[in-house]
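2 protein chains.
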Amino acid sequence: MSVSSQSVGIVTPQAFHFAEALPLKSGASISDYTLMVETYGELNADKSNAVLICHALNASHHVAGVYADQPKNVGWWDNMVGPGKPVDTNRFFVIGINNLGSCFGSTGPMHTNPAGTQPYGADFPVVTVEDWVQAQARVADRFGIQQFAAVMGGSLGGMQALAWSILFPDRLRHCIVIASTPKLSAQNIAFNDVARQAILTDPDFHGGHFYAHKVVPRRGLRVARMIGHITYLSDDDMAEKFGRDLKTGSLQFGYGVDFEIESYLRYQGDKFSDYFDANTYLLITKALDYFDPARETGGDLAAALAVTKAKFLIASFTTDWRFSPERSREIVRALVSSRRPVTYAEIDAPHGHDAFLLDDSRYLNLVAAYYDRIDAELKGESA
Amino acid sequence: MSVSSQSVGIVTPQAFHFAEALPLKSGASISDYTLMVETYGELNADKSNAVLICHALNASHHVAGVYADQPKNVGWWDNMVGPGKPVDTNRFFVIGINNLGSCFGSTGPMHTNPAGTQPYGADFPVVTVEDWVQAQARVADRFGIQQFAAVMGGSLGGMQALAWSILFPDRLRHCIVIASTPKLSAQNIAFNDVARQAILTDPDFHGGHFYAHKVVPRRGLRVARMIGHITYLSDDDMAEKFGRDLKTGSLQFGYGVDFEIESYLRYQGDKFSDYFDANTYLLITKALDYFDPARETGGDLAAALAVTKAKFLIASFTTDWRFSPERSREIVRALVSSRRPVTYAEIDAPHGHDAFLLDDSRYLNLVAAYYDRIDAELKGESA
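Each protein sequence line maps, in turn, to chains G and W. The first sequence begins at 1 in this note's numbering and counts up one residue at a time. The second sequence begins at 1 in this note's numbering and counts up one residue at a time.
It should be emphasised that the hints constitute simulated quantities derived from the structure, not laboratory data.
Intra- or inter-copy, both count: the list cannot distinguish identical chains.
Pairs of lysine-lysine, DSBU-like flavour, derived with a Cα cap of 35 Å: (1) K247 with K25; (2) K271 with K214; (3) K271 with K72; (4) K25 with K241; (5) K72 with K47.
All chains should be built: construct the whole structure from the sequences, respecting the hints.
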């Protein structure tokens, strides 16, 4: 199998407005909101070929292709979604949705709070993975999609796919969960909380209402991203890429840059603080922390997954220490224990958690083969 | 073997002043400095029973016992050093030295820069592990100690012990290196740099001259400590101690404390920012980053260690992911390859990097047995 280098080409996002209030798990609700949506490929006549792609922390509805006026702004999963690619847009109608509370056009903390005239800021209600799934279901309704061929995501996106399988068992045939976990560990939460503390204690955060002060808590966001980035890469990959290489060839005996890894991380932090919203960072890390579908079944994940009707593909990467293969195997064991159909792949890949976004032929071929099976299944039923 | 619960009791630190300039690896020098020193036990007539304990990041010369006016201020390795303890002060004369640049009484960034009238601040020269060892050797000279029975340390302290074995091969009989590494990995450096960035970008840091502003970069120190603390504990230990336990029993849907682990880490960060100096934090993490005894032998650690004459005890802990057992095995392999005498112990312990400070009978008994051997060796020679 060869993976195509074709792209979906130029794409155009659409804004979907929802007037009806969305009740949230916290008890709050969002009374009026917009979600940014992109689609690739064509929805077939019986609306059976739709695939929903759920995004992780800093991604968006822009899954594939480029914008006419931004030819370098390539979708975050362009290697996965497109004509002839693993999620083949010649066969599937693919939808990307920017989640509520994000900072890429969907209603979020930087938008005006209808309760007043100022941006929501830190008053934007805390949203959960389940809230996002409810909002995504309304988008599916707009398209008249009763059942997705697949709901798919990596990391936090995988949690959304898992939540879909529990909340709407009849609305997805396949659930594809990559580099994810049934819930964060104490260590995962700890890293998130340090990142949040860096933002919350930045004097430019102003309790989340920094927009009015025309500043950005850049220092906090920068440190948050640096911490996050360390957890996305494997120790070995970092050693391989940077090792102890010195930026200038000699030690500086000061607090500038000595090592290449410092230069790289600071650059990543700077770049992130230029475009990402601090309140969104807080919101999304809370959604990660709170996700725990087994909470309502007394910690019994198998019981939580017993209601599902989808077929599952669970995939993990050997060097992912953020959400290690063991975390994926917990999902697999729970599915097996509930006699749900599941395929599991543990991919030997050096790139840590980030592997789910990268070009790795074994990984891409696995997903492509799985989608071939979905396609054959759909064709078999319509034949 | 039973480990004693006796303590060395009330101890009194001494200030050792050195007028002679200490040349540093950076090319700078410290012209006039004081080191805080504590000793436990009695130096024997031939001065052969001295043990030097080297401290890690946030510890000091206060290794064991308590102060008369601070009965709760127990030395950081009181479980290791004392009468009948693994490093038995009934047999050994134990010395603790607060390193240059630290913030517990030895000359550091908060002291007046002789070049002016203000504290050194960030102008305190960057010191290395090797610089510390040179300073420690001058303390040994003051005591008239030509050769230590052992030089011992954990983590950064282990690096100092290793540096002793290379810089002063004739001045130690035994070199005891616990939970350490021959050099930091890219990931280790990355964590240190994020911590430093949190401090350096805190508006209260004032380029290191915050003393004059009567403020402390508390936010940065707090985040730095939280990051550090995550790396000191094992994932499993954190899961065991905190798991996903909620502080109040329910989710808060806000940015206060939800999980016990958050409460714990924030408390650790707050406590640390109350007593630790920000410039010292920068200095000490740089000393960690720079340590690489094989740099001068083209990366060949065995060649760097070939000059040593000590016998080595290397010990690591299975769940230490900061300096994993594999990092200790690198030292062991290099020693074996250079035909140096080495004992290696990999201790199955759940507490991650912090294990080297904790009560673990297998660990304490190992060290006790090793010191019995040192004692027998000394008695054999004097018999």
